[in-house]
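Asks: Listed below are the residues making up each chain.
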Amino acid sequence: MSYDRLTHPLVREDGVLREATWDEALDRAAEGFRRAVERHGPDTFAMLSCARSTNEMNYIGQKFTRVVMGTNNVDSCNRTCHAPSVAGLSAVFGSGGGTSSYQEVEDTDVIVMWGSAARNAHPIFFHHVLKGIHKGARMFAVDPRRTGTAQWADRWLGLNVGTDIPLAHAVAREIIHAGLHNKAFIERATAGFEEFAASVEPWTLTAAEQVTGVPAEAIKELAHAYARADRAQLCWTLGITEHHNATDNVRALINLSLLTGHVGRYGSGLSPLRGQNNVQGGGDMGAIPNRLPGFQDILDPTVRRRFESAWNIGIQPKYGLNLTQMLEAMAEGEVTTCYLIGENPVQSEADSLACVKRLSMLDHLVVQDIFLTKTAQMADVVLPASAAWCESDGTFTNSERRVQRVRKALDPPGEARDDIWIMCELARRLGHDWHYDGAEEVWNELRALSPAHAGMTYQRLADLQGIQWPCPSEDSVEPPYLHGRLWESDPVKRGTPAPFAVLRHSPPVDLLDEEYPLRLTTGRRLDSYNTGVQSSGFASPLRRGETIELCPEDASRLGLAAGEEVRITSRRGSVVAPVFIDPALRPGLVFMTMHFPDEVDTNALTIEATCPIAGTAEFKAAAVRVEKLVAVG
Amino acid sequence: MIPLQPPRRLIDVEIDGEAVRVPEGATLLDACATAGKDIPTLCHGDTLTPKNACRVCVVEVEGARTLAPACSRKAEAGMKVATGTERARHSRKVVLELLASSTDLSTTPRAKEWMAEYGADPARFGEDAATVEQPPKVDNDLYVRDYGKCILCYKCVDACGEQWQNSFAISVAGRGFDATISTEWDAALTDSACVYCGNCVEVCPTGALSFKTEFDMRAEGTWDEDRQSETTTICSYCGVGCNLTLHVQDNKIVKVTSPHDNPVTHGNLCVKGRFGYGYV
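Residue numbers (our numbering), protein chains in the order written: chain V, 47 to 679; chain R, 183 to 462.
Errors might be hidden in some of the hints.
Stated by the list, open to error - Here are the simulated DSSO-like cross-link-like pairs (lysine-lysine), alpha carbons at most 30 Å apart as the crow flies:
1. K229(V) - K266(V)
2. K275(R) - K181(V)
3. K256(R) - K233(R)
4. K434(R) - K454(V)
5. K262(R) - K275(R)
6. K181(V) - K266(V)
7. K394(R) - K454(V)
8. K420(V) - K256(R)
9. K275(R) - K177(V)
10. K177(V) - K256(R)
11. K394(R) - K294(R)
12. K256(R) - K219(R)
13. K233(R) - K181(V)
14. K229(V) - K420(V)
Don't read these hints as lab results, they were simulated from the structure.
Could you put together the complete structure from these sequences and hints?
Replies: Rendered as structure tokens:
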């Protein structure tokens, strides 16, 4: 199905949403926020900011939360995908961005695509990978499925779902035992090597083969190729991050780069590929519970003081709730009002039924979106927004940290308004007289507060076709890769050593047993996107709706034919979908997307086991069984 | 620590008697552009390796036996190039006549202007001149293949193949005048390896490949480039950050392209960026 754009504000009356004027809707929205804060304090408020909208909107969103509402409870769907990458990278290097740029993938010798179906999910990034391959780079694909990416690989390492740490540890052990680790780099720029080396010692190639299902010889080849390469790029996507121990997975990959010195040099680095147009920027702008704009730590008093004097308020010296904690706090009655901008958690969160229940416990839910999504249908007030990428001005930040200009090409439909206008109107109703004369004024306020963005004027962004952060000065451009400091010979310039992490293997939470014998993993297809709200609007000849994809062996064992409708059941829910037979899967592994939740709610099956550090749910590993709808005989 | 490319020497060449200096490796077309000469091109693509298919860009290099295609001939130190000699102009005229007599150039930008400039008269081959006229292939809702307008420049094949998309959904089939751009076994696009990125449409110089929106609007007579604005913004799907140029007519997106000099896309997009705008 496709959605119609929202063209009028809506308010709930006698249980149903009806059209309202902007004044009425804004008054109602503001009044609900005021009531909650007056009764139970600022921390009863939570904002989900929009990773699809501009940096400027996210800056204003987090400022609204911190200044107008007085809490740090602001987060975004970052949580459902790449928060672990940010957590892992910033724990090691002090900065949460990918360390390399796209061009470097073309100029490298070995490319490792780990848990990344980039050929289909990030097709234009994969163009850069293909350039690299045509120029002679070797590519390794590590993925349970033989994806479009794997079809271009020199070697495909088809591991069992959730065994990334054993595989990475075995690669590390092999590198160490072969004497291929970069001893000079380890000594000068890292910490904790001895403990790390001891911790991977049990993961012999044979032990890893048993757990991961990857032949020992293939693990060895990856280890030697990565370690011997002059330059190597390690790229990952949600196959690494949508697990209950996702931050550990990320750290396991970072360990490999520290072991070999494949970070901080041109052509050598770590690239998490971000899943939404501005999920990088949302975090950079401080629309996360623990960071102020410019990814500056909220617990740092010097940082806080700078913002407090600029904004003329006090900032709570503690982290706010992340998305996962917000949902839990809703269930506990601790968060009673929520301002939800451009997010559809009812359909995007794992264990969707639980999410609906929690949102329905709120006293006051305000949803600002371009569609009347399933989530918006639950709201007390619905505010129609403009589509950021073509109906407003501003900037997005991409996966290589490149800040690029977004420009208004269309007028929004009906009475839909720009996000920033809406939030300023709400702020005014709550006693803060905010006026911004366009997105550039917001951006310049941010530039004054964030050293990483200080040098990025709109004019320079246009002239240089985007600038990668950090960009502290208007007179220069920094190298396209991060952490060059690790290679400095002067220990002062080298700074804090990057720590190895000692990690333990923790298999997926949703165990396989006789009742639920199949491993379900989820992902994207080329022509569709997330909950399908956007991508259902065009007639893709490739689209074939939701299916349960099985390998030919499992299909024949279960007596299933292509196209036949079957029931898929997990410990949490059950859905019906037609069978699609895909030889790229291995026995025991089945695959679904989340693109068609109105037809098949895949997230009724997934498990809400979350990463304790980053809060990301284990979308990639549920235990299911597949049954014929009509019993034979 | 970014390794520098080996330094490129600057070399001197002479274009129509005027001295110009270009970096080593530049083509004669680059040198002509530096000298402010407007050389017609059809098969040349700024994001593609030259295929030398159309020969409409030929120039005369002093001392050379044959005319040289400016788009692919590298400039060499001391070269003397003439762009407007009788021989070069005549050659361009015949190329345009042969193409225009057999192919529908009505949507080829600047074709009319060049025909007038070089005095090309396609009608001189008579009513019976062979043509590639054929009905447009409309087999999906995203783009149309109107091979009656195809001059076989191969740019779509290169964009679909190893130079960019690596999908290899199309190739050249047949020989000589019967050569065509074809999917495997000439199947409908929907039964081919096509992934609907539209990167072939992006490079097509004649409008043989066009987006369905443009094709339909032209058929209705509502396509009007004078009323269209072009705004470059960023795609709203994944986090790669592709630059999109939105062509807007009457507050509606009618076409999406990407800047060819953009460091993220080099003019390429995927199916979502190219076509997934229907929701706004």
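Asks: Compare the structure with each hint and give your call.
Replies: So, going through the hints one by one against the coordinates:
For the proposed pair K229(V) and K266(V), the alpha carbon gap of about 20 Å is at most 30 Å, so the pair holds. For the suggested pair K275(R) and K181(V), the alpha carbons sit about 40 Å apart, so the restraint of at most 30 Å is broken. Only pairs whose Cα atoms come within 30 Å are accepted, and K256(R) paired with K233(R) is accepted, the gap being roughly 14 Å. A distance of roughly 12 Å separates the Cα atoms of K434(R) and K454(V); the hinted pair therefore holds under the 30 Å criterion.
Between K262(R) and K275(R) the CA atoms are separated by roughly 23 Å; this keeps the pair inside 30 Å, and the hint holds. With a CA separation close to 24 Å, the supplied pair K181(V) and K266(V) stays within the 30 Å bound. For the hint pairing K394(R) with K454(V), the CA-to-CA distance comes to about 24 Å; that is within 30 Å, so the pair holds. Pair hint K420(V) plus K256(R) does not hold up; C-alpha atoms about 60 Å apart against a cutoff of 30 Å.
Restraint check: the Cα-Cα separation between K275(R) and K177(V) comes to about 38 Å, which exceeds 30 Å; the hinted pair is violated. Restraint check for K177(V) and K256(R): the C-alpha separation of about 23 Å stays at or below 30 Å, so the hint holds. As the CA atoms of K394(R) and K294(R) are separated by approximately 24 Å, the hinted pair is consistent with the 30 Å bound. Of the pairs offered as hints, the one joining K256(R) and K219(R) holds, with about 17 Å between alpha carbons and a cut-off of 30 Å not exceeded.
Among the hinted pairs, K233(R) with K181(V) is consistent with the structure: their alpha-carbon atoms are about 20 Å apart, no more than 30 Å. Between K229(V) and K420(V), the direct Cα distance comes to roughly 54 Å. Violation of the 30 Å bound is thereby established for this hinted pair.
Hints 2, 8, 9 and 14 from the list above are not met by this structure, while the remaining hints are.
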